[in-house]
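*Asks:* Those protein sequence lines, which keep their order, are chains A and B. Read the first sequence against this note's numbering and you will find it ends at 183, with the numbers running on by one and no gaps. Read the second sequence against this note's numbering and you will find it ends at 177, with the numbers running on by one and no gaps.
In case anyone wonders, no lab produced these hints; they're calculated from the structure. Don't be surprised by glycine CBs; every beta carbon is placed ideally from N, CA and C. Take the hints with a grain of salt, since some may be wrong.
[Claimed, not checked] Each computed BS3-like pair below joins lysine-lysine, with the alpha-carbon atoms no more than 30 angstroms apart:
1. B:Lys69 <-> A:Lys47
2. B:Lys5 <-> A:Lys162
3. B:Lys24 <-> B:Lys7
4. A:Lys162 <-> B:Lys7
5. B:Lys7 <-> A:Lys78
6. A:Lys177 <-> B:Lys24
7. B:Lys24 <-> A:Lys118
[Said to hold, decoys possible] With the C-beta cut set under 8 angstroms, the calculated list includes, among others, these residues of chain B facing chain A:
8. Ser42
9. Trp47
10. Phe53
11. Val55
12. Pro57
13. Val66
14. Ile70
15. Phe83
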Amino acid sequence: MLQFQQGDEACFRALVDRYKQRIYAFTYRFLNRSPEAEDIAQEVFVKVYFSRDTYRPTAKFSTWVYVISKNACLQALKKVGSNISINERRSNTDLEMIETIAGSGDDNPSEKLLNEEKSGQIAAAISRLPESQKMAILLKRYDQMSYEEIAEVMNCSVQSVKSLLFRGRSTLKEYLKEYFRED
Amino acid sequence: MDCRKVKELFSDYIDGNLDEIERKALEDHLAACAECRAECDSLLNSWEMLTDFVVPPVGDQFTRQVMQKINDRGSQSVVSGWFSRLFAIFSLRHFPAVPALASLVVLIGIGYFILSGRPGGIAERNGIDSARKLEVVRDIRDEEIIRDLEIYENAEILENLDLLMDLEAVESFEATD
Ligand SMILES: [Zn+2]
Numbered sequence: 001m002l003q004f005q006q007g008d009e010a011c012f013r014a015l016v017d018r019y020k021q022r023i024y025a026f027t028y029r030f031l032n033r034s035p036e037a038e039d040i041a042q043e044v045f046v047k048v049y050f051s052r053d054t055y056r057p058t059a060k061f062s063t064w065v066y067v068i069s070k071n072a073c074l075q076a077l078k079k080v081g082s083n084i085s086i087n088e089r090r091s092n093t094d095l096e097m098i099e100t101i102a103g104s105g106d107d108n109p110s111e112k113l114l115n116e117e118k119s120g121q122i123a124a125a126i127s128r129l130p131e132s133q134k135m136a137i138l139l140k141r142y143d144q145m146s147y148e149e150i151a152e153v154m155n156c157s158v159q160s161v162k163s164l165l166f167r168g169r170s171t172l173k174e175y176l177k178e179y180f181r182e183d
Numbered sequence: 001m002d003c004r005k006v007k008e009l010f011s012d013y014i015d016g017n018l019d020e021i022e023r024k025a026l027e028d029h030l031a032a033c034a035e036c037r038a039e040c041d042s043l044l045n046s047w048e049m050l051t052d053f054v055v056p057p058v059g060d061q062f063t064r065q066v067m068q069k070i071n072d073r074g075s076q077s078v079v080s081g082w083f084s085r086l087f088a089i090f091s092l093r094h095f096p097a098v099p100a101l102a103s104l105v106v107l108i109g110i111g112y113f114i115l116s117g118r119p120g121g122i123a124e125r126n127g128i129d130s131a132r133k134l135e136v137v138r139d140i141r142d143e144e145i146i147r148d149l150e151i152y153e154n155a156e157i158l159e160n161l162d163l164l165m166d167l168e169a170v171e172s173f174e175a176t177d
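Chain A extracted, bound-state conformation (with noise of 0.2 angstroms):
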């Protein structure tokens, strides 16, 4: 029973189709690639869908769906009361991804399971991260935001989105560092 106009209706779904993969990229990457990172996904859309009235048009609606999205991610975290539950259910994902890879009949599976490999590494490694740091790092590395725009979603000053952009990049050069260093 929506009751919103046929037009209105097809202007929401254009978007949800122009963002969908950005904002599931940003749950699925923030959430440790939970299973549950694609319903929280569509939980963002329908937030901004029920509070388009609160939208304040000074704001980038981008920065404004990604306020949302962060929000959506930190309470599915406390919901599941902590990190570790999400990540037992990983193991999932990975299948599904490896049976997705296998049955996709591409001509290079092996290669594609070696990337599966790395994501897992980064994965493992981003997920060590604290909340604001792992926040701060997915927003510069994978939307390009400015730092200006990372303090807005964020809610915090410029200088802390620095400095956790400073802290979070020396901790996964830790992290890494075995990593690249055998390539």
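Chain B with the ligand: place on chain A using the hints.
*Replies:* Quick look at chain B with the ligand alone, frame taken from chain A:
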């Protein structure tokens, strides 16, 4: 530049935020100091390595499932046509190059359309010229065209529209950590 200062600037260096002079000073130091060079290389390598964290594509039912969830929870549509208006404004910048005056007329037309919420009424009152311009706006409601629209993220232009400025208080955005 000493080692401590250099290390402080690594993040800005990686993000390309240093000015020419700072960057040159930092690179000069790196050329001369093996320890800082090694640390900078490690930071760059690990940052680069993050590229390999791949994300699978979202399921092809994603959007349908979102719509289903909205449907299940009931639409509390207070301001109908909200997303249409957002789209109309996003797509303004996509109009083919037209003389500034014509753009202004279109802008006013859209503003009037948005405020009135009744596209038909305006065309009747303002005659054929306006009607033609309104067609552009009406087309936005056509789903096929909407799919091709590039959504502009920066909605600063919205600031000019009183209707959308008078919105309820923004939800609490405080970081929960
Ligand atoms: Zn040095």
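*Asks:* Which numbered conditions among the earlier hints are violated in the structure presented, ordered from lowest to highest?
*Replies:* Structure breaks hints 5, 7.
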